[in-house]
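Novice: Residue-level listing of the chains:
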Amino acid sequence: MSSGVLAVDLAYWQVTILRVLGLLAAVLLPAGTIVYVFLFKMMSFMQSRLGPMEAGPYGSMQLLAEVGKWLQKEDLFPDGADRKVFAWAPIVVVVSTFIMYAVVPFGPDAWFADLPTGIFFALAVSSVSVIGILMAGWASANKYSLMGGLRATGQLIAYELPLVLAVLGVVIQAGTMNMQGIVEAQRNGEIFGFGGIGNPFILTQFVGFALFMIAMQAELTQPPFDMPVAESELVAGYLTEYSGLRFLLFFIGEFATAGAFSAIAAVLFLGGWALPGISFDSNLMNVLGPLVMLGKMMLVVFLVMWFRFTYPRFREDQLQIFAWKFLIPISLVNIAVTAVLKVAF
Amino acid sequence: MTAVSERQQLAYIASQAADMRVNVELETEGMTLNIGPQHPATHGTLRIIVKLDGEQVVAADPVPGYMHRGYEKLSEVRTYPQVTTLINRIDWLGSFANEVPFILAAERLMEVEAPPRAQWIRTILFELSRIANVALFLGDMAVQLGAVTPVFYAFRDREYVLNLIESATGGRFHPNFDRIGGLKDDLPKGWIAETNQVMQKVQAFCDELDALLLGNEIFNVRTRGIGVVPAEVAQSYGLSGANLRASGVDWDHRRDTPCGLVYDKLDWKVWTHPDGDSYARYWVRLQEVREAAKMVVQLCDGLPPGPIMAKVPRIIKVPAGEAWAVTENPLGEMGYYIVSKGDLVPDRVKIRSASFNNISIVPWLLRGVYVPDVISILASLYFILGDIDR
Numbered sequence: 001m002s003s004g005v006l007a008v009d010l011a012y013w014q015v016t017i018l019r020v021l022g023l024l025a026a027v028l029l030p031a032g033t034i035v036y037v038f039l040f041k042m043m044s045f046m047q048s049r050l051g052p053m054e055a056g057p058y059g060s061m062q063l064l065a066e067v068g069k070w071l072q073k074e075d076l077f078p079d080g081a082d083r084k085v086f087a088w089a090p091i092v093v094v095v096s097t098f099i100m101y102a103v104v105p106f107g108p109d110a111w112f113a114d115l116p117t118g119i120f121f122a123l124a125v126s127s128v129s130v131i132g133i134l135m136a137g138w139a140s141a142n143k144y145s146l147m148g149g150l151r152a153t154g155q156l157i158a159y160e161l162p163l164v165l166a167v168l169g170v171v172i173q174a175g176t177m178n179m180q181g182i183v184e185a186q187r188n189g190e191i192f193g194f195g196g197i198g199n200p201f202i203l204t205q206f207v208g209f210a211l212f213m214i215a216m217q218a219e220l221t222q223p224p225f226d227m228p229v230a231e232s233e234l235v236a237g238y239l240t241e242y243s244g245l246r247f248l249l250f251f252i253g254e255f256a257t258a259g260a261f262s263a264i265a266a267v268l269f270l271g272g273w274a275l276p277g278i279s280f281d282s283n284l285m286n287v288l289g290p291l292v293m294l295g296k297m298m299l300v301v302f303l304v305m306w307f308r309f310t311y312p313r314f315r316e317d318q319l320q321i322f323a324w325k326f327l328i329p330i331s332l333v334n335i336a337v338t339a340v341l342k343v344a345f
Numbered sequence: 001m002t003a004v005s006e007r008q009q010l011a012y013i014a015s016q017a018a019d020m021r022v023n024v025e026l027e028t029e030g031m032t033l034n035i036g037p038q039h040p041a042t043h044g045t046l047r048i049i050v051k052l053d054g055e056q057v058v059a060a061d062p063v064p065g066y067m068h069r070g071y072e073k074l075s076e077v078r079t080y081p082q083v084t085t086l087i088n089r090i091d092w093l094g095s096f097a098n099e100v101p102f103i104l105a106a107e108r109l110m111e112v113e114a115p116p117r118a119q120w121i122r123t124i125l126f127e128l129s130r131i132a133n134v135a136l137f138l139g140d141m142a143v144q145l146g147a148v149t150p151v152f153y154a155f156r157d158r159e160y161v162l163n164l165i166e167s168a169t170g171g172r173f174h175p176n177f178d179r180i181g182g183l184k185d186d187l188p189k190g191w192i193a194e195t196n197q198v199m200q201k202v203q204a205f206c207d208e209l210d211a212l213l214l215g216n217e218i219f220n221v222r223t224r225g226i227g228v229v230p231a232e233v234a235q236s237y238g239l240s241g242a243n244l245r246a247s248g249v250d251w252d253h254r255r256d257t258p259c260g261l262v263y264d265k266l267d268w269k270v271w272t273h274p275d276g277d278s279y280a281r282y283w284v285r286l287q288e289v290r291e292a293a294k295m296v297v298q299l300c301d302g303l304p305p306g307p308i309m310a311k312v313p314r315i316i317k318v319p320a321g322e323a324w325a326v327t328e329n330p331l332g333e334m335g336y337y338i339v340s341k342g343d344l345v346p347d348r349v350k351i352r353s354a355s356f357n358n359i360s361i362v363p364w365l366l367r368g369v370y371v372p373d374v375i376s377i378l379a380s381l382y383f384i385l386g387d388i389d390r
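Quick mapping for you: the protein sequence lines, in order, are chains A and B.
Residue numbering for the first sequence follows this note's numbering, starting at 1 and increasing by one per position.
Residue numbering for the second sequence follows this note's numbering, starting at 1 and increasing by one per position.
Extracted from the complex, chain A is given alone in its bound form:
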């Protein structure tokens, strides 16, 4: 958060502490909301059951109970495990998620870091989690984990490409890589001369949005792209040997990454913290912005989870074919068309 929000001058260390607390809140609150609202409740309603009902009203405290359960479980290391790598793997995964959030703007002045190449930075650090997953798969000394780790690596690298290429269309249209700039471009944009609602890029970049959503589903290893953790084949893939706190870290990582990617999708395609057609002064927007962002993020996560609960999973080779033979050519065509239209209009 920039100091402008509070309208007082703070020392550097105070700002830093505020930023760290803000980042923690920005990572953990959406992750918790996603787990409770979607994983516990929406999934249950789709499957004609109630989900957790006992802990708190409508089971809303269930998450605390789960976290408590994991915290008190024994921190197990398998016999043949590479202990250091095994211990660090979940931390690598979680850290990459935290850094991704750093460049996401939540309001006109509500940001953690305003990098000129923000979106590039976010996509770059998102790939760091691959290393963590490969570390987990290798260090577990388990054949299922190893296969899961290798599958995850192949999958994440393959889907990085359509993800980046889908973003390129937006970057071309906005003319900037700065996330704040992309939001501004959508707020002040026009669609063929009509500027009443700005230009949320989902309207002009709908192909890019579809590509981004598919690639994002794969990056999050959610079904139908969940071969790395396929519980019916690989038991739990690279998660098989983890327990207690370290499993919890992976779990937070999974859903916090879902939150981070949906925040990026919200910024790129849904107009970020801005509301279409409505402009408040920037101080009010600094307070409203995070809420608007949260709403848009949840909209994106809803789509992700909807697919997750409906589809069976691909096979590993089919997944690669899907990425290389369909998504990447389509995204290249999308970039070409966007570039031509950008020059033409």
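Rather than coming from a laboratory, the hints here were simulated on the basis of the structure.
Everything hinted at is true.
With a cut-off of at most 25 Å between alpha-carbon atoms, the simulated SDA-like pairs for lysine to any residue come out as follows:
id: 1; chain 1: A; residue 1: K41; chain 2: B; residue 2: V148
id: 2; chain 1: B; residue 1: K51; chain 2: A; residue 2: P78
id: 3; chain 1: B; residue 1: K51; chain 2: A; residue 2: A236
id: 4; chain 1: A; residue 1: K143; chain 2: B; residue 2: K51
id: 5; chain 1: B; residue 1: K51; chain 2: A; residue 2: L134
id: 6; chain 1: B; residue 1: K51; chain 2: A; residue 2: Q320
id: 7; chain 1: A; residue 1: K325; chain 2: B; residue 2: Y370
id: 8; chain 1: A; residue 1: K69; chain 2: A; residue 2: G56
id: 9; chain 1: B; residue 1: K184; chain 2: B; residue 2: A323
id: 10; chain 1: A; residue 1: K325; chain 2: B; residue 2: G54
id: 11; chain 1: A; residue 1: K143; chain 2: B; residue 2: G54
id: 12; chain 1: A; residue 1: K143; chain 2: B; residue 2: V63
id: 13; chain 1: A; residue 1: K143; chain 2: B; residue 2: P37
id: 14; chain 1: B; residue 1: K51; chain 2: A; residue 2: L150
id: 15; chain 1: B; residue 1: K201; chain 2: A; residue 2: M46
id: 16; chain 1: B; residue 1: K350; chain 2: B; residue 2: Y237
id: 17; chain 1: A; residue 1: K325; chain 2: B; residue 2: V369
id: 18; chain 1: B; residue 1: K201; chain 2: A; residue 2: S44
id: 19; chain 1: A; residue 1: K325; chain 2: B; residue 2: N220
id: 20; chain 1: A; residue 1: K325; chain 2: B; residue 2: G368
id: 21; chain 1: A; residue 1: K69; chain 2: B; residue 2: P40
Stretches of chain B that chain A covers, calculated by requiring three or more beta carbons in the stretch to come under 8 Å of a beta carbon on chain A:
id: 22; segment: 140 to 148
id: 23; segment: 151 to 157
id: 24; segment: 219 to 231
id: 25; segment: 364 to 375
Fair warning: this is a prediction, and the values are worked out from it, not measured in the lab.
Quick reminder that beta carbons are idealized off the backbone N, C-alpha and C, glycines included.
Following the hints, put chain B in place on chain A, whose structure we already have.
Specialist: Positioned in the frame of chain A, the structure of chain B alone reads:
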């Protein structure tokens, strides 16, 4: 043999040798993966040792026996009515269907026949247990492919059928209801009307899964052309039930073998599918659940009045002799061969259960497939561990 010139032959040999060299250079050590006995996909304790090259299966070897309970031997120290308690637990999802062939074999030895009403109710319960069993497969197959939702639908609608079985027999999973010469009890009041309603729900459940899975592109690419069993291979491995019919072999004991059930009085159809792949096995089972629901409605309509028990002595002694009875159980052909020496207990019981033969094809079928397909093929073969190990 086509005529080949010497030169062509030499070129062929040279290319083969080149391939060999490349293979030796690039060859990586295979991995032996032990799927089971504790593994989420084997729903029980089947162990399959697969040798992998990357993710491709080089060889697969099923190791059954982790749940062997010795029912054939245990039957030899139990009286005939007591045996039904044991054999309930062979295919635990469709328990009532296990009792029927044993009772039929015993009735054949004693030369008694159940009265018509008992035969009709037997057929109703037989088909209900088929629905209870196969409905779970329809959901479970989806879980093995990674879709979590259908299995909850399966459990939800299976519950209605289990309630019916429970209200008629007193047991949800292990009814122990069939008796030599008839049944333990008549149907409770209002049961017929409720059954008709539940059968509508079952039909709706089938339509739901049809729309949810069979129309799904991912389900199609994961199952079509995967695990193809040609008809002659299926027959040579002794497959039975839906696995055989999915390979295009029109063979169903309900229609082909006259037994003590009343299938000949019903209007129904044996479904087959020409493809023999996982999709075909799923499709055939889905049709069978629909067909079973139709049959139950017809059976309820035409249920004849009368007694439910023939005249049998209070203490059952089966005359000396040998008898074989076989029925088309939910998992396939199930038969009992009883050898009696005129005692209270059978001298020898041989149980032929479908799953044991059905998984005998696993080494042949899994060669060359990918690991994810190992799971989907095993799921589509549909075995119950109790039915393999007995």
